[in-house]
Structure formats: structure tokens, C-alpha cells
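Chains A and B are the protein sequences, given in the same order.
Residue numbering for the first sequence follows our numbering, starting at 1 and increasing by one per position.
Residue numbering for the second sequence follows our numbering, starting at 1001 and increasing by one per position.
No lab work stands behind these hints, which were simulated from the structure alone.
Ideal Cβ positions, reconstructed from N, Cα and C, are used throughout, including at glycine.
Hints should not be assumed to be uniformly reliable.
Said to hold, decoys possible - Sample of chain A residues facing chain B (criterion: CB under 7 Å; computed from the structure):
| id | residue |
| --- | --- |
| 1 | 90 |
| 2 | 439 |
| 3 | 443 |
| 4 | 447 |
Now for the letters of each chain:
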Amino acid sequence: MTASPVIVGVGAAYFAICAAIAIWAARRTRTAGDFFVAGRGIGIWTLSIAAMASTLSGFAFVGGPGLVYARGIGAVYIVLTAGITGSLTAWVLAGRLRRLAELRGIYTVAEAAGARYRSPAVRRLAAVAILVATVGYTATNLLALGLIVDAIFGIGRMPALWLGALVVVGYSVAGGMLAGVYTDLFQGALMAIASTAVFVAVLASGGGVAGISRDILASDPGWFGPWGHFTPLAALSFFFVFGLGTLGQPHVLHKFFMLRDPRRLQWYPLLMTGSLVITLLLFVGVGMAVKARVAAGDLAPLGHPDEATPTFLLRYTPALLAGVVFSGVAAAIMSTVNAFLNLAAASITRDLRIRPMEDARELRIGRLATLGVALLAVLLASRSEALVALLGVFGWGLFASTLVPALAFGLIWPGATRAGALASIATGLGLTLVLESLVWFRIASLPAGVSAAGIAIVASLLVFFAVSWLTRARAAEELDSDVRLVMEG
Amino acid sequence: MTSGIARVAWTGVLAGILAQASAMGLALAGLPEAPLTNWLAVGGITATMAGVLVLGALRHGRLSCWGAVAAGTVVCALLVGFSAALLLPPETAAGPLWLGLPRRAAIILLGVGLLPVFVLPACYALDVRVRARDDERP
């Protein structure tokens, strides 16, 4: 692929800014607290934009618009919950996690789960679930980063994978979460700007929303039905899994530990939801616009749905904007990778360790763990695309089915017990791994509308409630008085 | 001690999860597109999401008016939006557009997707303000 000089220039500028932020942050990372929770010194704007940037991976810019192009409005259900989830997370978890972190000096999501039930076993099992999901998710995102870096610089997929990984791993190891949140802030702003500009181009390409609608309705009215080309249950299942599952995404929840002033959480839903919705304009808009252009005969049908975004950018936007969007895609992937690397390193260093260690040693081990997990993910990504694709499908469902019951419901229900939490995490972990593998290897298939993640979430919730109820006599003794106060809101 | 509101919210959450499980069960039993399957999913999603929101917003067993407005918005947006999508007839190419979109797509994208964006964050900000004021009272 021959790269455009403008796109190469914008891409080079993007990577240079990331590197500069990393150098700045690395000089300020002196303690384990700086490395894992950015010294608990970030403001609400940084928290909200960084949470938005970590939430969205490259899927929001490439896979998502492709799915909208191919399957219609039903694909939008994956992001349709965006208007609710920021506020829901704030009400259920933000304040409680931030206060718990302050009281107990907590750095990790698994640590919070352990504190809730006064249980090292809950903490360790939650850390194992997070570690399994993050390694797979990181490898998948690094593979996607290789594709995007190759699209920008045209240097071949393997060198591109290593170049992209070198930059993101470099700043993750050197500056930890301090580098992570400030690159996230830059990357999130870039994603929002790029998405807004592309949406303007979307409207211009099809004569406004009405023009786009008319073109699509004339050729494929089912696309514009309320479920698109999915069944109603399939679209609704997206809404359930991605709506409720948001409460168990550790790369977002982890950021609440970093906030300097908890009173500022008042503005989190407004900033997070606003920036998320703006950034998702590209997800919805590009899929619609390409479908309309194909329907009107301006474009040939795409060979693969994932070509929707590159095709639209190269055909309907100036090279400068295309360069910004390609960098925005890289930004979305890198912000997610950085968050996962830090989560995995924190799980190894703090949650799975045998005994406590002094601060300087913890910082050193944290950096080594980040490097180790990153190397494992890069090796996976460069050796076996099939294995990486399988690991990638575990991510969201594994987080949701293991953490939503034990952590989110655990923090709003004093009746939850240690046994309930352990049983639900084990159920979520086991069911997600087994069901996703059976479906992946085509040993079993699920009907339209039923996903492995959906089954795992529902099953782990039911197990959580049932086991907690059966062991309810122990609930009060497993809840420390300070944690009870935190839970009262 | 569990307040009346908490009891209603927990009932909603449990009923919602069971409804979702039933919808999946019907789909696994070979009825993925039966009307009952779809209505169970709609009811399950609405009850679970609104119930969790209420439980998160409760403080000492009480729900502020802003928490109630937010929960009401979630119930209305999801129940009305998804019900309309299930009940209204399909559009034709020459049919009227709502804000540039076919009617049912507009209800889903603007009603379910966009309406909560304008209500929920404001409710949360006002709820936090009310809590802070309560904390300052002697």
C-alpha cells in the first residue's frame, strides 16, 4: 500500500506527541502510586475523556461502521446504551469506588472486590479473570494497531505491529498510568474532533440525513427497520450485554481511583457521555453514508464490511482529515492497550503477589510486569492470528460476567456474601471460556440473539444471588464497617 | 434494613434478569423470534437497567427526586422506544421521515439513544448537589 504524504505527516506528528507526553510523564513517575493510579492527582476532565478513550477501541472506528453498513440499525444497539451507561456507572460505582480507594489505599479493581468481602480469595480470583481477559484483548488490539500503522505508513504489517507496540509499550512502561491518562486525554480529544469532522462529511456526502435515508429506503428498507437485519432479540441482547456489562469494565472503573477531588464526580456523566456520543457519530454516520452511496450507485458494494471507514475517508474527505482519522483509530487502540497493560501489571504486582513489597520495588516490578505482558501479547499477535481472534472474543463478556455481580451488585447489596462472589466469578470465567471456545471451534452454535457473553452474565448473576442467599447468615460478618459506610452512598 | 423503594428496585432487577434468562431459554428452545421472546427481552432490559440505577442512587434507603426522574426517563425511553419498534408497522420508501429518519429508526436512535443523554447527566449532577447540601446540614 502506498501511503499519502499528508497521512504519513499527520501520523508521524501524532506519534511524536504521544512520545513527548510519555517522556514528560516518565520524569514524574516516582512511586508505585504514580505508576498505577497517576498519583491520585487527575482532574475530572482528564478522567472523563480518558475513560471515554479507553472505552472505545479500534472497533468503534472500523469494525462498528462496517457492521452498521452490513446489518443496519440493529448494529447501533452495541453503542445505543451510551446515553445511559455513563450516568449508571456514576450512580452505582464512581463515588463508592473513589471513597473505598481513599479509605483503603486501593490501586486495583480486584483489590476493591477483595476489600468488599474482606477476602484475599475474591481478590485473587478477580485478578485472574482480569489477567486472562486483558492479555487476549491486548493481543487483539495490537494486531489491529499493526493494520492501522501499516495503513498510515505503508511499511508492512509485521514492522507496523512492532512499531505501534514499541510506542504504546514504551509509554506504558516508562510513565505507567500517568502517561496513560494524559495520552488518553490527547487521544480522546483527537477521536472526538476526527469523529465530528467526519460526521460533517457524512452529511455532505448524502444530502443530509433525509437524503441518506431516502437512498437507503429505496433499495433496502429492512436495513432501516428498528432491528436492521438482526432479529429483535439479537439487537436487544446487544443492548443488555453492553448496557449492564459496562458496570464491569475494569479499564474504566480503575480510573475512578485516580481522581484528585471526588466532589468533581458531579460532572463525570456529563463529560463522559457528551464526549462518548460525539465520538460515536463516526460509528453510526459512516456506516449509513457508505450504505447510502452504494444504494445510490456512487460506490460499488464493499468486498468486506471493514472497508467502510477507509473507503469513505479516501473517497469523501480531504487527505488531512483522513490522516487525522487514521491517527484517531490508532489513538483509540493505543488508549485501550495502555489501560489493559496497566491493569494486567497491577494484577500481577499487587493482587497476585505473595507478600507486600516496598514502594520502589513495587514500581520496578510494575514496569517489568507491563513489559512482560506486552511482550506476551506482541508475540501472540505476531505468531497466531487465529489464537488472538479467539482470545479477543473473551474480553468484554469475561469482564462483565466476572465483575458485574461481585463488584457492581456487591457494592449496592449488603446481603452479598464472599461465597456468592467467588461462585459468580468462577461461573463467569468458566462459562465464558467454555462457551466462546465451543462456538469459536464450531463444536456448538447458538441461535440468533443468544450470545455466550449474554448467557455468562445472566448465569453468573443468578449464581451470585442464589449462593449469597443460601449463605446469607455470613453476610454481615464479611462486611467491614467502613465498607458498609461507603456502600450507603 | 431495606426500604420500600429498595425492595421494589430489587424485585425489578431480579424479575428483569429472570425475564432475560427466559428470553434466552426460549431462543435456545427454537423460538428466537416468537413475540413472547421479544417482549420478555424488552421487559427484562427495562426492569434491570432502571432497577440497578435506582439501587445505585439510593442513599440511606431514600431516592432523591432527581434519581426518580432519571429512573423514570430510563423506563419511559426503553419501554416506549422498544415497544413502538415492536408494534408499529414497517415503513415504506415514500413514507414520512421524522427528523430525516424513518419513524421507527428515529424512535430508537433519538428516543432510546439520544434522549437519556440530555436528561441523565443533568439528573446526576443535581442529585450530587442535593446530597452535598444534605451533608452540610447540622
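Against the structure, the hints come out as follows:
| no. | hint | result |
| --- | --- | --- |
| 1 | 90 | holds (5 Å) |
| 2 | 439 | violated (13 Å) |
| 3 | 443 | violated (16 Å) |
| 4 | 447 | holds (5 Å) |
Comparing the model with each earlier hint shows violations of hints 2, 3; every other hint is respected.
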